[in-house]
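Visitor: Take a look at the letters that make up each chain.
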Amino acid sequence: MSSNKSGVLMSDEETKGLLSPLRRKLLMGMAALPAITMLPRASFAQAPATSAVNTTGLAVTDTEVTVGILHSATGTMAISETGSIEAEKLAIEQINAMGGVLGRKIKFIQEDGASDWPTFAEKAKKLLVNDKVAAIMGCWTSASRKAVLPVVEQYNGMLYYPTFYEGLEQSKNVIYTGQEATQQILAGLNWIAKEKGAKSFFFVGSDYIWPRTSNKIARKHVENVLKGKVVGEEYYPLGNTQFNSVINKIKLTKPDVIFTDVVGGSNVAFYKQLKAAGIDLSKQALLTISVTEDEIDGIGGENIAGAYACMKYFQSLDNPNNKTFVPAFKKMWGEKTVIGDVTQAAYLGPWLWKLTVEKAGSFDVDKIAAASPGVEFKGAPEGYVRIHENHHLWSKTRVGRAKLDGQFELIYETADLVEPDPFPKGYQ
Amino acid sequence: MTDNRFFNRSELIGILLLAVFLVVVLPLTLDVFRLNLVAKYLTYAFVALGLVVCWGYGGILSLGQGVFFGLGGYCMAMFLKLEASSPENTKIQSTPGIPDFMDWNQITSLPLFWKPFHSLTFTIAAIILVPGIFALIIGTAMFKRRVGGTYFAIITQAVAAILTILIVGQQGYTGGINGMTDLRTLKGWDIRPDHAKIVLYFFEVGCLFVCIMIAQFVRHSKLGRILVAMREKEDRVRFSGYSVANFKIFAFCVAAVFAAIGGAMFALNVGFMSPSFVGIVPSIEMVIYTAVGGRLSILGAVYGTLLVNFAKTSLSETFPELWLFGLGGLFIAVVLAFPNGLAGIWGDYVQPRIDRLISSRKPKPEGWTDSSVADGAPAE
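Protein chains in written order, with the numbering used here: chain A, 1 to 428; chain B, 1 to 380.
Please note that the accuracy of each hint is not assured.
Stated by the list, open to error - The list that follows gives simulated cross-link-like pairs (lysine-lysine, PhoX-like), each with its CA atoms no further than 25 Å apart:
#1 B:Lys91 to B:Lys115
#2 B:Lys91 to A:Lys220
#3 A:Lys403 to A:Lys196
#4 B:Lys91 to A:Lys425
#5 A:Lys283 to A:Lys227
#6 B:Lys144 to B:Lys233
#7 A:Lys425 to A:Lys216
#8 A:Lys396 to A:Lys323
#9 A:Lys194 to A:Lys251
#10 A:Lys367 to A:Lys378
#11 A:Lys132 to B:Lys197
#12 A:Lys275 to A:Lys196
#13 B:Lys91 to A:Lys216
#14 A:Lys132 to B:Lys40
#15 A:Lys249 to A:Lys283
#16 A:Lys275 to A:Lys249
#17 A:Lys132 to B:Lys312
#18 A:Lys283 to A:Lys272
Rather than coming from a laboratory, the hints here were simulated on the basis of the structure.
Starting from the given sequences, assemble the full structure and let the hints guide the process.
Guide: Structural data, given as structure tokens:
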């Protein structure tokens, strides 16, 4: 928003002295000159002078630029966020191997959010105020993002946020590299309604903002668009491990589809108890928006095989980008690591930042925020992504089916990129 | 301890040293970011101070101080959140003028219990009264039935767990696990910029000293001596005709109100409140601050809080993946080697030397006669 403001201000100042149209043209030509001279420089990626690319005092030297990595390396979220840290480090290493950004190597400062939201805010402030990082790759849960958001807005930082999330948010200072709720949910519901003829849905989620909002959107879509019925909607506290009562309700209501957004460790209990209760996922359709390869690692492939997951990326995707990404990731972090949806989205962060910096020809946050819309990354492991005006990504929605070995088999993908719509009309 | 003053000479020196440290040394040596961190640490010092009164003197171990910290913090945060949710600020919502998390949870009008929080006077009263009355209820229910010791500690833990679940579960009214974020102004005064942080810091230090004085008063009054006596031999105090339960309730309420003031300061200084300060883990952490500082020392509580939090921040900045082990090691070392915490180190090693140095002038140093309530200030 404030980038708009500054743009308006500049043109106001310009118009003050523009009395004759000729003078105006001359001035415009003069204004365009530096822009023209900058273009080839940026595209040759030779190091332009630091004073030119960094007018706001960020940690940029002639040879280095500093970014922050802010995830939970400790605490309950560490198991989920470790993949994101690894992906971001891989991307930074690859970018440095290619010569860095505007001729500068990326140096990163890693901070631990410790699965504690105020700690996230404190560390984000430290990164922006003390370390003057050019960008932050970080956060995972919505709660941590909500805690960090006022900080990045106040100190005008740039946050690349990797997780699929509930939407209802848009900031000049954030690029959301994961899917917002409609991008993740709608296509998956359409597919399962068409493919399985599903009419009745049972929602099970963890009790916080993301599942609640996602289910709200899903409910509206089921009721208004698919003309189906939601036969149950249940929430459990984070970390809950007793799902017997909801499983009984599922057995009683016999929904066509179980739609789940249970997160974290609760997943392990949920799928084991589903299996123990005799619900066979090869017959009972189950669509989850919260289980990636990372979670299956804990759940066990045998407990979830047959379930459908709605994501934008699966490790098994068959495209040239992914075929180089997966081995590179495994080479750096070990053969046994798995790559989930968010890990891939985290990998996009440093790359999109690099491409945007090069497009803007500057590390300045205002210029990056303004240059972000339209930036495309053709090397994305998920295929191709582009930044929308609302700072979310255009990306495809995909449905995969869990296999015994913990991988997903791609069943369906949308033909086109799905437009991000963080404030969906008719779903609020 | 025969005089009626709030503090003897060594305590006075300790308080002055602390004042110089907090008012002069820290603001001059730290940048605004670090100073704001100190402000955040000091909010826990209020809790630790309350625990000195309630646990150190009264012998009542409460593992649920986060409840009161949270209640105070949420009262303050509700006021700030309402101010930040003016109709102009919340234009993009389906119902403008209510806090954003309510809008996300399909609540279309401000709930009744939120409405009084438009008033700052009411909010300040609520910060003191809500936790105070809550502590009174818990205290009355427990102590009148002579529930004490470990049982009481466990019940306070249960209360902390219940309140967390309540806050997380009622997210439309409380912001759920995300808490209340993006607090902006206090009566139109922006609390986010650097100069506001400095003002808030000094305001907080002022409040802290008021609380220290109250704690000193309690400690040196007859009441304080009854509390100590009760801790040492509860039955004798009871047989002497005192109502033990009432004294316990009082100590517990004082601790609760201190914690609540800390919570309110937290919301102001950090611009944030969430259930992660209410639960069992943060409550136990607050007890650790007191233990490290020395549970018998009022000033030790402040230093202990500062030390542990400094260690936490600097360890986690230096070793993002291993810092928790270092911190755990620190706690174990302190508790094993120095059961009376920093104040114990000061009282056992530093104070005697100082006393010896000045003993030529003063034959019997006071404040050193009663070693069970050692209260010298530890070194900065």
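Visitor: Taken at face value, is the distance from the CA of A:Lys216 to the CA of A:Lys425 at most 25 Å?
Guide: holds, 13 Å
Visitor: Checking one constraint from the list: CA of A:Lys283 to CA of A:Lys272, max 25 Å. Satisfied?
Guide: holds, 16 Å
Visitor: Would the pair B:Lys144 and B:Lys233 pass a check requiring their Cα atoms to be no farther apart than 25 Å?
Guide: holds, 17 Å
Visitor: Mind checking the alpha carbons of B:Lys91 and B:Lys115 for me, to see if they're no more than 25 Å apart?
Guide: holds, 20 Å
Visitor: Take a quick look at whether B:Lys91 and A:Lys216 sit within 25 Å of each other, Cα to Cα.
Guide: Holds, at about 21 Å.
Visitor: Keeping to a limit of 25 Å between CA atoms, is the pair of A:Lys283 and A:Lys227 held or broken?
Guide: holds, 23 Å
Visitor: Holds or violated: A:Lys194 and A:Lys251, Cα atoms, limit 25 Å.
Guide: Judged against 25 Å, a Cα distance of about 23 Å means the pair holds.
Visitor: Regarding the pair A:Lys403 and A:Lys196, is the alpha-carbon distance no greater than 25 Å?
Guide: holds, 19 Å
Visitor: Tell me if the straight-line CA distance from B:Lys91 to A:Lys425 falls inside 25 Å.
Guide: holds, 15 Å
Visitor: Decide if the proposed pair is consistent with the structure: A:Lys367 and A:Lys378, CA atoms, cutoff 25 Å inclusive.
Guide: At roughly 22 Å apart (the allowed maximum being 25 Å), A:Lys378 and A:Lys367 satisfy the hint.
Visitor: Run the distance test for A:Lys275 versus A:Lys196: straight-line Cα separation, threshold 25 Å.
Guide: holds, 21 Å
Visitor: Going straight from one Cα to the other, do A:Lys396 and A:Lys323 come out at no more than 25 Å?
Guide: holds, 18 Å
Violated hints for the displayed structure: none, as all numbered hints are satisfied.
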